[in-house]
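**Student:** Residues 1 to 828 (full-length UniProt numbering) make up the sequence shown, in order.
A few of these clues could be false.
Keeping only pairs whose Cα atoms sit at most 30 Å apart, straight-line, the calculated DSS-like set for lysine-lysine is [what the hints assert, rightly or not]:
#, residue 1, residue 2
1, 222, 233
2, 476, 447
3, 233, 604
Per label pair, the in silico range of CB-to-CB distance [what the hints assert, rightly or not]:
#, residue 1, residue 2, range
4, 132, 314, 53 to 59 Å
5, 658, 324, 47 to 53 Å
6, 657, 809, 43 to 49 Å
7, 85, 194, 21 to 27 Å
8, 447, 346, 38 to 44 Å
9, 132, 195, 35 to 41 Å
10, 324, 212, 33 to 39 Å
11, 614, 522, 53 to 59 Å
The set of hints was computed from the structure by calculation and includes no laboratory data.
In this text, a Cβ means the ideal position worked out from N, Cα and C, and glycines have one as well.
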Amino acid sequence: MSSQLKGIVAGILSGDSLIVRFVDNVQTQVICLEHLVAPKFGRSDGTFPDEPHGYASWEYLRDLCIGKRVIVHSNNPSNQTRTHPAFGPLTVTFTKIELYETQEDIGILACQNGWAKLRETKSVYPKHASYIAELTKAQEAAQAAKRGIWSETPGFVRQLPQKPNVEQILTTREFDCNIDGIKAATILSVFLLPNHENIYLNLAGCKVCYFKEDDPIREESKKDSINKFLNRKLRIRITSYLESNFQSYQNQANEIPSFVGCIITPKMDLAVADSIKKGYATFYKKTADQCLDPNLYIHRQLLAQKEKAGFWAKNEPQSRINTNLQQMNGIVTSVRGSSGLYVLVEGQRKVIYFNDIHVPRFSTTVGCESNGFEAREFLRQNYRQKYFTIEIEAQFEDHLYGTISMKGKSINEDLVEKGLATVDKDPVCGVPSSKHAALVAAEERAKAAHVGVHASVTPDPFKFTDLTYTKNLNDKLNEYKGHRFHCIIEHILSTTRYTVLLTEEKVLIRVALNGLLPIAPNDHFGHDAKAFCMDNFLNTEAEIEILSLDEHTGTFYVNMYDSEKKNIAAKILMRGYSEIRPKILKSNEEKIPQELIDAQDKGKSFNEGLWQDKTRHLQDLQMGTVYPVSVVCVSTPTNIVIQHNGEALKTIAKELADMKLDESRFTEIPLKNDCLVYHVKNQSFRVRIEQINQNEKTATVRLIDYCTSTEAKFDDLYKLPPNLYTIPPQGRQVVLAGLQEVPKSPEKTKEDTRFIYELIQNACLYMHLVSDKDNDPSVILLDREKMEEAGSLSQVIIQKRMATYQEVPNLPPQFNNIFEILKNVKPE
Numbered sequence: 001m002s003s004q005l006k007g008i009v010a011g012i013l014s015g016d017s018l019i020v021r022f023v024d025n026v027q028t029q030v031i032c033l034e035h036l037v038a039p040k041f042g043r044s045d046g047t048f049p050d051e052p053h054g055y056a057s058w059e060y061l062r063d064l065c066i067g068k069r070v071i072v073h074s075n076n077p078s079n080q081t082r083t084h085p086a087f088g089p090l091t092v093t094f095t096k097i098e099l100y101e102t103q104e105d106i107g108i109l110a111c112q113n114g115w116a117k118l119r120e121t122k123s124v125y126p127k128h129a130s131y132i133a134e135l136t137k138a139q140e141a142a143q144a145a146k147r148g149i150w151s152e153t154p155g156f157v158r159q160l161p162q163k164p165n166v167e168q169i170l171t172t173r174e175f176d177c178n179i180d181g182i183k184a185a186t187i188l189s190v191f192l193l194p195n196h197e198n199i200y201l202n203l204a205g206c207k208v209c210y211f212k213e214d215d216p217i218r219e220e221s222k223k224d225s226i227n228k229f230l231n232r233k234l235r236i237r238i239t240s241y242l243e244s245n246f247q248s249y250q251n252q253a254n255e256i257p258s259f260v261g262c263i264i265t266p267k268m269d270l271a272v273a274d275s276i277k278k279g280y281a282t283f284y285k286k287t288a289d290q291c292l293d294p295n296l297y298i299h300r301q302l303l304a305q306k307e308k309a310g311f312w313a314k315n316e317p318q319s320r321i322n323t324n325l326q327q328m329n330g331i332v333t334s335v336r337g338s339s340g341l342y343v344l345v346e347g348q349r350k351v352i353y354f355n356d357i358h359v360p361r362f363s364t365t366v367g368c369e370s371n372g373f374e375a376r377e378f379l380r381q382n383y384r385q386k387y388f389t390i391e392i393e394a395q396f397e398d399h400l401y402g403t404i405s406m407k408g409k410s411i412n413e414d415l416v417e418k419g420l421a422t423v424d425k426d427p428v429c430g431v432p433s434s435k436h437a438a439l440v441a442a443e444e445r446a447k448a449a450h451v452g453v454h455a456s457v458t459p460d461p462f463k464f465t466d467l468t469y470t471k472n473l474n475d476k477l478n479e480y481k482g483h484r485f486h487c488i489i490e491h492i493l494s495t496t497r498y499t500v501l502l503t504e505e506k507v508l509i510r511v512a513l514n515g516l517l518p519i520a521p522n523d524h525f526g527h528d529a530k531a532f533c534m535d536n537f538l539n540t541e542a543e544i545e546i547l548s549l550d551e552h553t554g555t556f557y558v559n560m561y562d563s564e565k566k567n568i569a570a571k572i573l574m575r576g577y578s579e580i581r582p583k584i585l586k587s588n589e590e591k592i593p594q595e596l597i598d599a600q601d602k603g604k605s606f607n608e609g610l611w612q613d614k615t616r617h618l619q620d621l622q623m624g625t626v627y628p629v630s631v632v633c634v635s636t637p638t639n640i641v642i643q644h645n646g647e648a649l650k651t652i653a654k655e656l657a658d659m660k661l662d663e664s665r666f667t668e669i670p671l672k673n674d675c676l677v678y679h680v681k682n683q684s685f686r687v688r689i690e691q692i693n694q695n696e697k698t699a700t701v702r703l704i705d706y707c708t709s710t711e712a713k714f715d716d717l718y719k720l721p722p723n724l725y726t727i728p729p730q731g732r733q734v735v736l737a738g739l740q741e742v743p744k745s746p747e748k749t750k751e752d753t754r755f756i757y758e759l760i761q762n763a764c765l766y767m768h769l770v771s772d773k774d775n776d777p778s779v780i781l782l783d784r785e786k787m788e789e790a791g792s793l794s795q796v797i798i799q800k801r802m803a804t805y806q807e808v809p810n811l812p813p814q815f816n817n818i819f820e821i822l823k824n825v826k827p828e
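Assemble the whole structure, with the sequences as input and the hints as a guide.
**Tutor:** Put into structure tokens, the structure is as follows:
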């Protein structure tokens, strides 16, 4: 080694040991502060615990010199090596080290501040005597001032490992953290402060490039991330957790959960963008909404592709800039963040991003910049539901960049003139706006007027409390219940579930429309239902009345009214994009507003939405009607699956028998609640899709005329004949009224159900509705059509000691004789 070497501190091992990456052709080494020792800094997994003050000593040295230039004084390397996960085995050298900029000795600084002390030694080499004297003086000063390890306060010791509380992390959102390791270029191992919970942070908006084992760029990309992030203290924002990882984490005590998030430490997001520019990472649209500036990442990727940097040296881009685009016209339905608009163009919803300008960020996911909320509100209040001409000037993947104009003036220009945007020096896709000159002139006017971002004093960023991941909200329920709140609908989660911003309270919460069943996004009608809500309700102002809380999800059940005081639930019901929960409709305890019942009836009468498909709903049973039925299955002595006997069943059988299977094969991926034909073993059944396993190409299906479920291969599914969509399911579960099942062992219960089924399997029974309060109607099954001449199945069940009689509340008078007989049946 030469007398002095210049290097950069790349990592901190403890309060007396640093990893230095040299700028000359010298291998990275561990540099231990000569003559000093600090409290031990433990392992992250807790197998080797901290010594008291060990973490504080490490933190002091980290804050003092991580990432800074240093001068390492010459000394012979020892025979020792230390292995680090990021660097591998490293040579250890004991020597002096100084900060390059200030020429301060790091060892003396550590001693002065009380985070290191002199090693005990029996003898001192004369050449070291003067330096040891300086260290001794520094240590004595720290002892006198009771600093650091000389403090009378017990030293802090991290209790590792700490099991992360996922819900609490998602609720807290923003953390200071220590970067403990680099799993990949865009995946960091971090310790969240102050509790030191270890998680993996997947950087939003980008993903790692995968290189071959022998590709030198693979090692370059890893070193690049290590140099940028290792041992840094950063401010991060957690935006979501990875579902698949979370499931395994719930079951494995030592599993480290993975989250998605972004770095919000000023300028550090540029370090992520730099990795993309070097071709070590790529833009990732799936999590782009969770990063600070997706356009920045897109711009850097385009530069990397142009320069064939890193990954792009050997790989052709799958996505290229498209500038051969046409003009289009459409209606603005809502605002996307603050940098784009949802526009309805010929029935298709498109996202158009403002080209050639930068709008301050507004995001309920990653927070806001100064003037970001103001920009979003300007757009929301002035341009929703208006007709515009859009010049699409560039496209990257599904990101469309354009100039949006009405009557010759563009929204882009309006934003700039109000000081709510600035003109890009370098447009995202490299293509300036067709109205670039007007944008530049508008910016000069905004600067002269000192408005918006050009004002001498800009507003603080809009801040709000995010409760969307908090489940324990009973205190908030007590505070909110029965009150009405003004809000803005920020996100459409499903047809009946939204995220809303309470504007005066500055609180973000999840809400669900009270009493309504949602249509799942993967439902046959799910896309249209959600599109209706996005086009009509997203970004609109509303008033909500909070009624109750779902404690499992932290969702408030609400009544919601639009700006014209009209019930939003009623609008959805009239379009057939939801339905009132059947149990609530039948309950006397929960009152549904008559306007909702009327809205649903209107949707039914016009066959709107889900009411087009009669196979989705069981037919309503009417009091006083006799229903000929067969028994399909006996679940328990008091729970029976019946099938209606009649013309409908004959029509179903004939249509299925006449099908030409070769012409009816279903070749698409089925959606939830699709009604199809399942053909197996030369038999065909009407089925409804309950769950899809796309990897296995199977689905859980419900045989709607038999009220049972099974697994079906995609290859065994066929299109349902159109006529059969008009016939409701013919199978249903019923409960025998007036019976209380006698508790028995599973084996004995199975024996009883077999006896009942064998008794009636070939019989035609006559079913009468007794009560329809619950989902499964209570009925009586008779052996003859005329009630006065009939015996009931319930009599046999009581006689065989499978159930006992129990009173039926509010028994309709026509059943008095039948149930009086049941009451007096003597068990055998």
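**Student:** For every hint, state whether the structure bears it out.
**Tutor:** Evaluated hints:
1. 222 / 233: Status holds; Cα separation ~19 Å.
2. 476 / 447: 44 Å, violated
3. 233 / 604: 59 Å, violated
4. 132 / 314: 53 to 59 Å: 55 Å, holds
5. 658 / 324: 47 to 53 Å: 51 Å, holds
6. 657 / 809: 43 to 49 Å: 45 Å, holds
7. 85 / 194: 21 to 27 Å: 24 Å, holds
8. 447 / 346: 38 to 44 Å: 39 Å, holds
9. 132 / 195: 35 to 41 Å: 40 Å, holds
10. 324 / 212: 33 to 39 Å: 35 Å, holds
11. 614 / 522: 53 to 59 Å: 21 Å, violated
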